[in-house]
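Below are the chains, spelled out letter by letter.
2 protein chains.
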Amino acid sequence: MNFKSKLRSIIGEGLGLCIGLDPVLDRLPKKVRNSREPLYAFNREIIEHTYDIAAAYKLNLAFYEALGCDGWRQLEMTISDISDECLVIADGKRGDIGSTAKAYAASLFDTLKVDAATVNPYLGSDALEPFLDRTDHGAFILAVTSNPGSRDLQELVCDGEQLFHYVVRMACRLNKSGNVGLVVGATKPELWRDVMDIAVDLPLLVPGIGAQGGDLAALKSALQDYSAPVLVNASRSIIYASSGDDFGRAAREAAQSLNDQLS
Amino acid sequence: MNFKSKLRSIIGEGLGLCIGLDPVLDRLPKKVRNSREPLYAFNREIIEHTYDIAAAYKLNLAFYEALGCDGWRQLEMTISDISDECLVIADGKRGDIGSTAKAYAASLFDTLKVDAATVNPYLGSDALEPFLDRTDHGAFILAVTSNPGSRDLQELVCDGEQLFHYVVRMACRLNKSGNVGLVVGATKPELWRDVMDIAVDLPLLVPGIGAQGGDLAALKSALQDYSAPVLVNASRSIIYASSGDDFGRAAREAAQSLNDQLS
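Residue numbers (my numbering), protein chains in the order written: chain B, 90 to 352; chain E, 90 to 352.
There's no promise every hint is true.
Note: identical chains are not told apart, hence a pair may lie in one copy or across any two.
[Unchecked claim] Derived pair list, reagent style DMTMM-like, types lysine to aspartate or glutamate, alpha-carbon separation capped at 25 Å: (1) K202 to E126; (2) K309 to D349; (3) K265 to E279; (4) K202 to E165.
Since the hints were derived computationally from the structure, they do not count as laboratory data.
Please put together the full structure from these sequences, using the hints given.
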């Protein structure tokens with residue numbers, strides 16, 4: 090079963106909920122902040138309360154690397170706690186020349202043992218191939234990101250087409266093993282039609298719902314004819330649904346509510 | 090003293106030598122391969138033999154992350170061993186939305202305590218600013234990379250100008266504190282004139298000499314009128330100059346020989 094089929098089998102019909110585990114030490118509830126492994130303790134409780142709702146968890150590596158080696162240890166502990174019934178996505182937006190990209194792929198797919206990773210297209214196709222050669226794993230290529238500055242380069246017009254069109258075409262060209270996906274920000278509904286027309290059947294990972302203000306109704310309407318699996322990610326709106334010691338239960342309620350809207 | 094002045098004071102006249110500490114476990118000499126911290130043991134010997142020649146060390150994070158948490162530990166150990174007389178550059182090509190970029194900047198500048206980092210421009214200016222706000226530290230923005238696939242996006246023509254022109258202009262615009270630099274691959278001599286004409290006085294970090302085949306003579310000739318500090322990086326041609334237990338001494342000879350050509 091290739092990555093896309095695996096994604097479909099986990100998500101089922103409709104859009105899949107992806108929960109972003111992006112813990113910031115200062116924002117963690119008292120109950121876990123003083124534990125020996127605060128990020129892990131926080132994540133474990135979020136996972137315990139949401140694993141039957143989430144299709145995937147996305148771990149943004151920056152929030153672990155902020156604590157250095159100790160953060161990486163808690164990242165590894167978190168990943169080994171996530172059930173096989175959920176996908177694990179390492180969100181590191183890596184991108185480097187071939188020999189280095191191979192080391193990143195080993196780091197993510199062999200050492201961390203995640204199912205998929207986000208990758209940055211600026212270095213071109215040979216920087217993406219070492220990830221895609223790992224055909225059991227997925228790679229979500231950044232196409233349109235959810236931040237305001239995404240327009241600086243991604244929306245530039247090159248020979249009549251915007252830059253992100255080239256990225257989506259490159260992604261399609263590289264998709265020889267059914268393991269390529271795209272990152273497309275929920276905050277950019279005006280670009281969705283273009284992406285879908287070119288991507289046709291690439292899986293999508295959609296950040297920007299929740300704290301970043303993406304419009305879920307507009308997203309659902311845009312996606313109604315799109316046949317490939319789509320994961321919609323929310324991080325802060327779920328994991329920080331309560332700042333108190335009931336954060337696990339509050340995360341479950343927020344996750345359930347968003348998941349109901351997705352299906 | 091801003092980052093650019095610090096760079097100039099370390100490099101002095103001419104081009105500065107940057108040594109890439111990119112150790113791959115399988116390629117390490119027997120003497121260190123079986124030690125408890127093989128990457129660190131290897132790096133320590135390279136540093137001991139080259140610290141008086143190198144202006145900077147560049148550590149590509151991928152090669153440490155390939156070993157997970159244990160690799161990060163050896164990365165931290167290596168960095169704390171490097172003398173204050175050399176700059177330390179974390180080469181992770183990071184790039185993410187603002188709140189995440191801030192966590193990456195904390196990871197690199199506070200936890201790892203490096204002097205500078207490489208960053209990826211695809212997400213636009215607000216993804217770069219959290220690095221640049223750390224005005225004591227440098228950020229080298231990827232403009233033209235040294236790999237064959239760099240042409241896929243970087244050389245696309247947008248409104249009459251190639252994409253990397255926009256990146257260089259964005260870098261100039263963001264350089265309010267003298268801490269912005271550019272990564273420009275030595276393998277792309279035909280693009281050097283364009284970069285220098287737009288960048289004017291941004292420091293450069295030049296990978297691609299050595300194992301990647303960049304032409305040093307062409308590089309020196311192109312750079313003769315360029316007044317800003319330039320670091321020329323070589324990794325594999327120095328650290329793997331010998332595959333035997335004399336690798337430290339061989340690295341010193343390779344570093345000395347390249348440095349003589351640079352000055």
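Right, here's what the structure says about each hint:
Taking the closest pair of Cα atoms, K202 and E126 come within 25 Å of each other both inside a single copy (20 Å) and across two copies (22 Å). When the C-alpha separation of K309 and D349 is checked against a cutoff of 25 Å, the pair qualifies only within one copy, where the shortest distance is 12 Å, while the shortest distance between copies is 62 Å. Taking CA atoms no more than 25 Å apart as the test, K265 paired with E279 passes in neither setting, with 29 Å inside one copy and 33 Å between copies. When the C-alpha separation of K202 and E165 is checked against a cutoff of 25 Å, the pair qualifies both within a copy, at 9 Å, and between copies, at 23 Å.
Hint 3 alone, counting from the list given before, is not met by this structure.
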